[in-house]
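K.L.:
Chain by chain, the residues:
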Amino acid sequence: MNLWKRAYLHITRKKGKSILMFCILLIMSTLILTCFAIQSATDTAAFNIRTSLKSGFTINAKSVDTQLEGHIVSGIMDTNGIAADFNLRSYFYAEYYSLNGQLLDITTDGAIEIPEGYEHAGKMVSNTYSNMDTYFLEAGFELIEGQHITANDRNVIIISETFASQNGLSIGDTLVLGGIGETDGHVKVEVVGIFKATLPLDAGVAPSYDLYENISFSDNETYSQLYYHDGDTHYQYGDFYVDDPAELDTILSDVMSISGIEWEKCIITVNDVDYQNAKAILETLQNLVTLIIFVVIGVSTLLLALILTLWVKNRIYETGILLAMGFCKRNILIQHLMEILMVAFVTFVFSFLTSSLIAQNIGEHLLNQAATENQVVETNLAEGTAEKNTETLTSIEVTVSFSNLLLIYIIGTGIVMLSILLSSYPIMRMKPKEILTKMS
Amino acid sequence: MSVLELKDVQYSYDKKKKVLKDINISMEKGKVYAILGPSGCGKTTLLSLMGGLDEPTSGAILCKGENISKTHLANHRKNNVAFIFQSYNLIDYMNPLENANLSSKLPALPILEKVGLTKEEARRNVLKLSGGQQQRVAIARALASDADILLADEPTGNLDEDTAEGITALLLESAHGTAQKCVVIVTHSNELARKADVVFQLKRGILQVVN
Amino acid sequence: MNVLKRALLYVTKKRGKSLLLFLIIFVISTLVLCGLASLDAEEESSLELRGTTGTSFTVARNLSSGSWSNGASGSYSTQEYISNDIVEKISNIDGIQAYDVSSTTILHFYDVDGNYYECLNPIGYANVDCQYYTNTSINSEYSSLFLSQTFSLSEGRHIVVTDENVVLISKEVAKKHNFQIGDEIYGVIDPDSSDPVVALKIIGTFEVNIDKTDEKNNYNAASYYDYENYAYTDINAMETLLTNYEGERPSDGYSCVDFFVSDPETLENIIIEAQAISSIDWNNFTITANDEVYERVASSMSDMSSLIRVLMIIIVAISMGIITLILSMWLKSRIHETGILLAAGISKTSILLQHILEVGFIAFFSFPLSYIASKAVAGTIGGLFEKTADKVIVTVRHLRLVCGIGVIILILAIVVSCIPTLKLKPKEILSKLS
Numbered sequence: 001m002n003l004w005k006r007a008y009l010h011i012t013r014k015k016g017k018s019i020l021m022f023c024i025l026l027i028m029s030t031l032i033l034t035c036f037a038i039q040s041a042t043d044t045a046a047f048n049i050r051t052s053l054k055s056g057f058t059i060n061a062k063s064v065d066t067q068l069e070g071h072i073v074s075g076i077m078d079t080n081g082i083a084a085d086f087n088l089r090s091y092f093y094a095e096y097y098s099l100n101g102q103l104l105d106i107t108t109d110g111a112i113e114i115p116e117g118y119e120h121a122g123k124m125v126s127n128t129y130s131n132m133d134t135y136f137l138e139a140g141f142e143l144i145e146g147q148h149i150t151a152n153d154r155n156v157i158i159i160s161e162t163f164a165s166q167n168g169l170s171i172g173d174t175l176v177l178g179g180i181g182e183t184d185g186h187v188k189v190e191v192v193g194i195f196k197a198t199l200p201l202d203a204g205v206a207p208s209y210d211l212y213e214n215i216s217f218s219d220n221e222t223y224s225q226l227y228y229h230d231g232d233t234h235y236q237y238g239d240f241y242v243d244d245p246a247e248l249d250t251i252l253s254d255v256m257s258i259s260g261i262e263w264e265k266c267i268i269t270v271n272d273v274d275y276q277n278a279k280a281i282l283e284t285l286q287n288l289v290t291l292i293i294f295v296v297i298g299v300s301t302l303l304l305a306l307i308l309t310l311w312v313k314n315r316i317y318e319t320g321i322l323l324a325m326g327f328c329k330r331n332i333l334i335q336h337l338m339e340i341l342m343v344a345f346v347t348f349v350f351s352f353l354t355s356s357l358i359a360q361n362i363g364e365h366l367l368n369q370a371a372t373e374n375q376v377v378e379t380n381l382a383e384g385t386a387e388k389n390t391e392t393l394t395s396i397e398v399t400v401s402f403s404n405l406l407l408i409y410i411i412g413t414g415i416v417m418l419s420i421l422l423s424s425y426p427i428m429r430m431k432p433k434e435i436l437t438k439m440s
Numbered sequence: 001m002s003v004l005e006l007k008d009v010q011y012s013y014d015k016k017k018k019v020l021k022d023i024n025i026s027m028e029k030g031k032v033y034a035i036l037g038p039s040g041c042g043k044t045t046l047l048s049l050m051g052g053l054d055e056p057t058s059g060a061i062l063c064k065g066e067n068i069s070k071t072h073l074a075n076h077r078k079n080n081v082a083f084i085f086q087s088y089n090l091i092d093y094m095n096p097l098e099n100a101n102l103s104s105k106l107p108a109l110p111i112l113e114k115v116g117l118t119k120e121e122a123r124r125n126v127l128k129l130s131g132g133q134q135q136r137v138a139i140a141r142a143l144a145s146d147a148d149i150l151l152a153d154e155p156t157g158n159l160d161e162d163t164a165e166g167i168t169a170l171l172l173e174s175a176h177g178t179a180q181k182c183v184v185i186v187t188h189s190n191e192l193a194r195k196a197d198v199v200f201q202l203k204r205g206i207l208q209v210v211n
Numbered sequence: 001m002n003v004l005k006r007a008l009l010y011v012t013k014k015r016g017k018s019l020l021l022f023l024i025i026f027v028i029s030t031l032v033l034c035g036l037a038s039l040d041a042e043e044e045s046s047l048e049l050r051g052t053t054g055t056s057f058t059v060a061r062n063l064s065s066g067s068w069s070n071g072a073s074g075s076y077s078t079q080e081y082i083s084n085d086i087v088e089k090i091s092n093i094d095g096i097q098a099y100d101v102s103s104t105t106i107l108h109f110y111d112v113d114g115n116y117y118e119c120l121n122p123i124g125y126a127n128v129d130c131q132y133y134t135n136t137s138i139n140s141e142y143s144s145l146f147l148s149q150t151f152s153l154s155e156g157r158h159i160v161v162t163d164e165n166v167v168l169i170s171k172e173v174a175k176k177h178n179f180q181i182g183d184e185i186y187g188v189i190d191p192d193s194s195d196p197v198v199a200l201k202i203i204g205t206f207e208v209n210i211d212k213t214d215e216k217n218n219y220n221a222a223s224y225y226d227y228e229n230y231a232y233t234d235i236n237a238m239e240t241l242l243t244n245y246e247g248e249r250p251s252d253g254y255s256c257v258d259f260f261v262s263d264p265e266t267l268e269n270i271i272i273e274a275q276a277i278s279s280i281d282w283n284n285f286t287i288t289a290n291d292e293v294y295e296r297v298a299s300s301m302s303d304m305s306s307l308i309r310v311l312m313i314i315i316v317a318i319s320m321g322i323i324t325l326i327l328s329m330w331l332k333s334r335i336h337e338t339g340i341l342l343a344a345g346i347s348k349t350s351i352l353l354q355h356i357l358e359v360g361f362i363a364f365f366s367f368p369l370s371y372i373a374s375k376a377v378a379g380t381i382g383g384l385f386e387k388t389a390d391k392v393i394v395t396v397r398h399l400r401l402v403c404g405i406g407v408i409i410l411i412l413a414i415v416v417s418c419i420p421t422l423k424l425k426p427k428e429i430l431s432k433l434s
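Chains as they are written, first to last, in the numbering used here: chain E, 1 to 440; chain D, 1 to 211; chain B, 1 to 434.
Here chain E stands alone, though its shape is the one from the complex (with noise of 0.2 Å):
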């Protein structure tokens, strides 16, 4: 009779021990699989935190002569990893002028000095979207009428309260810029929205431009239309994200293979604080899970090979008899091992559904599940758009994979063979001489 009717034979008719063993396995496999299942529940979770700690890179273009261009910006919001979220932006000086031609009034009370040539002008800066300006976050600006320059926004700008009552200016009123130095360009610009200095400047430190009430806001095609008049866009500073700050390095390098840009020149600064923050305690809460999966799977081996140990022994006579009938111990070891087998593959296939069970009632009862947004954003960057998917985070989902069951199989019948060779000692160390003895 050979091993397999044997180990057929002895799982069928010891149903209380195969159903046992069944149990036993159960349990441990839906264990090994709920671990899997939570680890990577965690991992998506810590992809979240990573992502929500907004990393990115400034790249400063400033010493290039064409600066950053459009193609180069939707090659980078290509690169893989880029996030959704970005601003470009410049810092000029430009002449005010009405729509008919005359020069406007800025402040002059509280300057330092009125700069030959800026009697009339201020410092403007260009944003994709204005409301990201360190002015308006650090600054104390504060929007009081109108509206944000968005990235869809051409030739528009924002002034000061003081300077649009100086000035007789209004939302929907239209002033035109002049760009100062070697160029001569000249902007048509809207008023789209109006704000309020709500922090004091220090007086006597700054030059008239450089006045809350002087100060302009704009967008970067107008910058590009007063300082480069070629078509292009341009832009000074691009400011960019990252889905994972883990990635950063790898996105960064990637970026600076985009061809048709003297990265020589730029100056590129990583802004990863939060992140680097919180990367080693967020890797130690990772390295949690995964130490106790294999402090699990150690205890399954041990504990396994010592039930097993229990039952051995009980099988020396039916070890003696194979022995004097002439089968071998590797023989004997391989029905063993095919007993718990033939009922592991089994149990593995329910313990997929157990342990999904557990994975579901972990998902719908335990997480908050934050809203997950998706938005499709379309930016138009003059030279083509850049498209992008912005979900705000990744659901968590705690299931168990194909995978994990391929995995499970793998490293239960690991689990189970060396479980076996630990308990199976007693029968290799018998030595037939012995059996006669042990026989009567």
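Because the hints were derived from the structure by calculation, they are not lab data. Remember, predicted model here, so these are calculated numbers, not experimental data. Be a bit skeptical, because a hint or two may be false.
Claimed, not checked - Pairs of lysine to aspartate or glutamate, EDC-like flavour, derived with a Cα cap of 16 Å:
| # | chain 1 | residue 1 | chain 2 | residue 2 |
| --- | --- | --- | --- | --- |
| 1 | B | K176 | B | D129 |
| 2 | E | K54 | B | E295 |
| 3 | E | K433 | D | D14 |
| 4 | E | K5 | D | D92 |
| 5 | E | K54 | B | D291 |
| 6 | D | K195 | D | E161 |
| 7 | E | K54 | E | E247 |
| 8 | E | K431 | D | E55 |
| 9 | E | K188 | E | E95 |
Put chains D and B on the given structure of chain E with help from the hints.
P.N.:
Frame of chain E, contents of chains D and B only:
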């Protein structure tokens, strides 16, 4: 024709006391050999050597002219000999038919019927069989293995007088009947020894023919 | 033979079986201990993780609810300043990790002979070239430029609340003038007046990390000073330096103060507690929560925490289930023996007690050993991942939990497993035995 031969066989544990000294015997098919001797004198060791469960310290054991250690003891156990133990002969998760079929050499059912089990009993749970029935199954398995040599270690030791008689009769029949097996029985029962063809006495390591 | 002796005999004579049971209880306890230690590690780490978001709240003068007055350089608010007393009251609230003020002054630095220390990138005007844009700081580690990593400490240490007359300067300036940690420089507000000169000890240097040329930072007067020409000093020094400037001294109060909390989850409650302080007139002040970063990550962090917690709990629960299963297996194999005892007239309670004692003897040795083993396991495997080993620490508290609950479970398991055997009627015993 000698089917089992022991030539100058010596055996000792740990090179100290010699348990078996200068054993020289030749056994034939169709005969029943009994080995008598006090407990612990080495009868079981002798049986182990004959059955390829152990190897002699010196000397050779030949089966049909070939040295069994040269062709590997497991082969010898598989093809040439069949054991019948005093107890624990049967595997508990197999019925008598399956137990007898372990060697898969000859069809087991007719042999089981020949040793006195009904078709129904052949499929019963072995734990529900009486002591005598269990020993019959053991004999059936030995016969189904088609081995030429049957080695029995105190086969009637746990049985009452009447049942023992039946088992003894079966063993005798295996040797003297059509099967013509070489049956070696280790026993301390003089009754059984009286029925054997050759009786050996093992005393202080030396085997002497008694009858 | 009394129950104690029977139990002892079993454990000592049936060494194989006892050893196996010992090992099984040992292995499972080790797993449970690792699970419990991991639960604690998770709680601690999650708290630390929340803390890395640098959540704070800012108390500032409420300019809109105050009145205005006219002065030499324009109109100014007469709103109440945040006094040191207010700061102290708020800082005493449980959960506040640190706090810092933000106020700046221009300081001039000189050596002992009255020669000024030239700043970096001088423009050639002596009275400007010795100006340093100085921040007053209570805990410089928490000042915004250090928190945003614009600056980072390169040598020495930060200013803390107990410091008196100390200063932090930039690495570049220190290099330029060969300053060492411990050197003293002299600071004064207006060198041409009777303002007091204060000897300041250099306790640390900082380096500038960012792209200084990025114009996004040029939104206020501070941008006229190179970052390298910034400095930090303590409020005691500043108090002395500003002696002649009533209204601007630390003792006159601050315009805004930032308070940092150790656990962002408690931010709301801490703010409520602060607003409940009756001696502060909250009409004059605003509180702004700075928890933008935490808000973004809060739900993900909480999910992560929940996931890890539930995993550990599942493991602990299943371990308890497995030990129950194994114990019942172990006891089932002793039905024969139980029958003999019952037939011999030994009472059911006595048999039950015997089993409990047997397991008790074994567990008595298993538990402490599993404590040692789990420490080793947590240490070795944890050591494979950096820093995790420091967090997963098996404590005596865990052991006590395992022992306490373990004993209850073991007893329960034994009782439940013994029920079928003990329900045997005496006449059934004989038939069961043969």
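K.L.:
Indicate, hint by hint, whether the structure satisfies it.
P.N.:
Hints, one by one, checked against the model:
| no. | hint | verdict |
| --- | --- | --- |
| 1 | B:K176 / B:D129 | 14 Å, holds |
| 2 | E:K54 / B:E295 | 12 Å, holds |
| 3 | E:K433 / D:D14 | 14 Å, holds |
| 4 | E:K5 / D:D92 | 15 Å, holds |
| 5 | E:K54 / B:D291 | 14 Å, holds |
| 6 | D:K195 / D:E161 | 15 Å, holds |
| 7 | E:K54 / E:E247 | 13 Å, holds |
| 8 | E:K431 / D:E55 | 12 Å, holds |
| 9 | E:K188 / E:E95 | 12 Å, holds |
Checked against the numbered hints given earlier, the structure satisfies every one of them.
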